[in-house]
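**Student:** Start from chain A and add chain B according to the hints.
Residue strings, one per chain:
Number of protein chains: 2
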Amino acid sequence: MLLFFDSDIEANFQNFTFDKSESRHISKVLRKNVGSQITITNGKGLEWKGEITSILNQKVEAKKITSLKHSNKKKHIHLAVAPTKSNDRMEWLIEKVTEIGISSITPILCDHSERKIIRKERLIKIAISALKQSQQFFLPEINSMMTFKKYIKSISHPGLIAHCGKSSKIELKNYNWESEQIHLLIGPEGDFSLEEIKDAISAKLIPVSLGQQRLRTETASILGSHILLIKE
Amino acid sequence: MLLFFDSDIEANFQNFTFDKSESRHISKVLRKNVGSQITITNGKGLEWKGEITSILNQKVEAKKITSLKHSNKKKHIHLAVAPTKSNDRMEWLIEKVTEIGISSITPILCDHSERKIIRKERLIKIAISALKQSQQFFLPEINSMMTFKKYIKSISHPGLIAHCGKSSKIELKNYNWESEQIHLLIGPEGDFSLEEIKDAISAKLIPVSLGQQRLRTETASILGSHILLIKE
Numbered sequence: 006m007l008l009f010f011d012s013d014i015e016a017n018f019q020n021f022t023f024d025k026s027e028s029r030h031i032s033k034v035l036r037k038n039v040g041s042q043i044t045i046t047n048g049k050g051l052e053w054k055g056e057i058t059s060i061l062n063q064k065v066e067a068k069k070i071t072s073l074k075h076s077n078k079k080k081h082i083h084l085a086v087a088p089t090k091s092n093d094r095m096e097w098l099i100e101k102v103t104e105i106g107i108s109s110i111t112p113i114l115c116d117h118s119e120r121k122i123i124r125k126e127r128l129i130k131i132a133i134s135a136l137k138q139s140q141q142f143f144l145p146e147i148n149s150m151m152t153f154k155k156y157i158k159s160i161s162h163p164g165l166i167a168h169c170g171k172s173s174k175i176e177l178k179n180y181n182w183e184s185e186q187i188h189l190l191i192g193p194e195g196d197f198s199l200e201e202i203k204d205a206i207s208a209k210l211i212p213v214s215l216g217q218q219r220l221r222t223e224t225a226s227i228l229g230s231h232i233l234l235i236k237e
Numbered sequence: 006m007l008l009f010f011d012s013d014i015e016a017n018f019q020n021f022t023f024d025k026s027e028s029r030h031i032s033k034v035l036r037k038n039v040g041s042q043i044t045i046t047n048g049k050g051l052e053w054k055g056e057i058t059s060i061l062n063q064k065v066e067a068k069k070i071t072s073l074k075h076s077n078k079k080k081h082i083h084l085a086v087a088p089t090k091s092n093d094r095m096e097w098l099i100e101k102v103t104e105i106g107i108s109s110i111t112p113i114l115c116d117h118s119e120r121k122i123i124r125k126e127r128l129i130k131i132a133i134s135a136l137k138q139s140q141q142f143f144l145p146e147i148n149s150m151m152t153f154k155k156y157i158k159s160i161s162h163p164g165l166i167a168h169c170g171k172s173s174k175i176e177l178k179n180y181n182w183e184s185e186q187i188h189l190l191i192g193p194e195g196d197f198s199l200e201e202i203k204d205a206i207s208a209k210l211i212p213v214s215l216g217q218q219r220l221r222t223e224t225a226s227i228l229g230s231h232i233l234l235i236k237e
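These protein sequence lines map, in sequence, to chains A and B. If you're matching positions, the first sequence starts at 6 in my numbering and goes up one per residue. If you're matching positions, the second sequence starts at 6 in my numbering and goes up one per residue.
Chain A with its partners taken away, still in its complex shape (with noise of 0.2 Å):
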């Protein structure tokens, strides 16, 4: 299946143009022809499958056969984390938990965050794209910044803060996640402060451990996500 991606696109559409750059990706890289198939989702659960009908004047339209529409998943993990000083390892990280099926990502502004700036314009470039490689059907949703703080005040679920601090903590493979939805917080290279954590417990999350080693944030970001979604 070649999946390709158009927010706008609905299920009661009979026919689509892709766009130019899409239009030579799919003429000349993908070098389709008229009668070949494809599938294009809104990244909202839409499986839309039609048939190529023209290529002209660096346009590619398609008529519909069918269309779908995916039930969403029962569970929601909300990552919210700290970016990383590096941009490829933040990519690296959204790659990751788009292709694993997450449900949105919120960076977060902490007190020992080194990158304070994120371009969310090519985050969510690259869901998109890990969108379609990992054919799903589902983009997560990717936040604009928000301090720790606004964050912690913002959520109305139970919310988990991973930390490498000594104090309490439970291990998260033992967590048994009953809940709706679910927040899950990763701090930055420093790990969140001191005062972060405390201001975490007050507002009821949970200290959690991702075990033994010392992972770097998107490594830690894309595990914790992971062991939610087979407890899932």
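Be aware that one or more of the hints could be misleading.
One copy or two, it doesn't matter: identical chains are merged, so the pair holds either way.
What the hints assert, rightly or not - Straight-line Cα separation of at most 27 Å, DSS-like style, residue types lysine-lysine; simulated pairs:
1. K78 / K236
2. K203 / K155
3. K236 / K174
4. K137 / K171
5. K174 / K137
6. K80 / K68
7. K174 / K80
Just so you know, the hints here were simulated from the structure itself, not pulled from any lab data.
**Tutor:** Chain B only, in chain A's frame:
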């Protein structure tokens, strides 16, 4: 803790002299002085703690304070993976599986492999760097490339083969891991060939699934190793 690596250091060394490049790193980048404490491992469980006694002529010397031999894990994961087409993805894979603590990595040459050569020395360098960063004392062994056929003949412990085919498989998360050693085989971008899967089953390997998503080679390697590790 500032962790360094030297494959030759032993518990009974009373003094240690860093090579020129590491010496420069310690004195110029990390700005350590005489009296600073450092820790060195040989990647075989040794934790050698010392104190810098001199920084002269681009040579940093340390004398031993204590040494400790960590005992190895009781269970060992041996990952056999078809190297990804992209070098970057392969290097990430090595970094991440070192961070999470697997015992060995063998690049395998499969029917659908696009990358037929690896730079073993470069991969070892990346593993050492991840070992230091994640503060571990056991360096995974990075083996030379081997054909798939040769690999499955060489293994004497239980082996699992993760593939995307439709034939009967068990979910890796439901696999109970009782042996001391286990082999996990992850295929190339185009998956294992049907013949390889057949050969693996004849060789008593167990076909496993990592879930519904179509995961990239490096993602499957990391998540597969991680599932086994948390069930260790």
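**Student:** Looking back at the numbered hints, which does the structure fail to meet, lowest number first?
**Tutor:** Structure breaks hint 6 only.
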